[in-house]
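**Q** According to the working numbering, the sequence shown is numbered sequentially starting from 123.
Think of the hints as simulated: they come from the structure by calculation, not from any bench.
Do not rely on the hints blindly, as some may be mistaken.
Claimed, not checked - Computed beta-carbon distance windows for the label pairs:
id: 1; residue 1: His-240; residue 2: Glu-275; range: 39 to 49 Å
id: 2; residue 1: Phe-219; residue 2: Gly-174; range: 31 to 41 Å
id: 3; residue 1: Ser-135; residue 2: Ala-173; range: 19 to 29 Å
id: 4; residue 1: Pro-152; residue 2: Ala-177; range: 22 to 32 Å
id: 5; residue 1: Arg-243; residue 2: Arg-154; range: 11 to 21 Å
Stated by the list, open to error - Think about it this way: if two alpha-carbon atoms lie no more than 25 Å apart in a straight line, the pair counts; the simulated SDA-like pairs of lysine to any residue are:
id: 6; residue 1: Lys-276; residue 2: Asp-258
id: 7; residue 1: Lys-272; residue 2: Val-206
id: 8; residue 1: Lys-272; residue 2: Asp-258
id: 9; residue 1: Lys-272; residue 2: Arg-194
For clarity, every value in this text was computed on a predicted model and none was experimentally measured.
Where a beta carbon is used, it is the ideal one built from N, C-alpha and C, also for glycine.
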Amino acid sequence: MTTALSDPLPRPSPDRLAADLRALEALTRPDRPYTRRAFSDEDRAARQWLAGRMAEARLVPAVDAAGNQIGRRAGRDAAGALMVGSHLDTVEAGGRFDGIAGVLAGLEAARCLDAGGHRLRHALEVVNFTCEEASDFGLSTIGSRAMSGKLDEKLRRDLARGPLAELDGRSALRAEGPGWRMAWKDASARPSRVASAGSISTRAHCR
């Protein structure tokens, strides 16, 4: 059964979304436009920016065991959650929209719901998945795979056990940058919890 809104929601704001895009464009490598690699300084800055915008939209912010950023707007009852989002990290010169548009669309929907004072039956969760794109560490889709229980057992053990040198044998990767585990923990991830669980969240289930 569907329930009509008693009052129409405010429409999404193109100007606000354009401002969001400009803000995230500024948080990319100056020597390589539209590049924001997972766990880089630019990625950390973008995550901090998103946390601030989530708070402004009155989403309750959280970071799960895999480092996924989640902003939650409670629903009217315990009917599960609707999740929308994508990722803020990019491949080299990844462009203005890939991943970013998905996160901003969810954020703008939350803003409209908040401005209209409307609460859905289900909770709404806006997510920024950690390390979704292929990274400098030879890894990708870590946050989404962790959330859905799709990390294979070996990778889960590796994530919990050790640094990049243990995870990836390529000397070029092994010789540069911080260890993978250190970088992941910088994102507030908790590797040991991901290693011990097939899935770190049931948030996306809806009934």
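**Q** Please list, smallest to largest, the hint numbers that this structure does not respect.
**A** When the structure is compared with the hints, numbers 2, 5 turn out to be violated.
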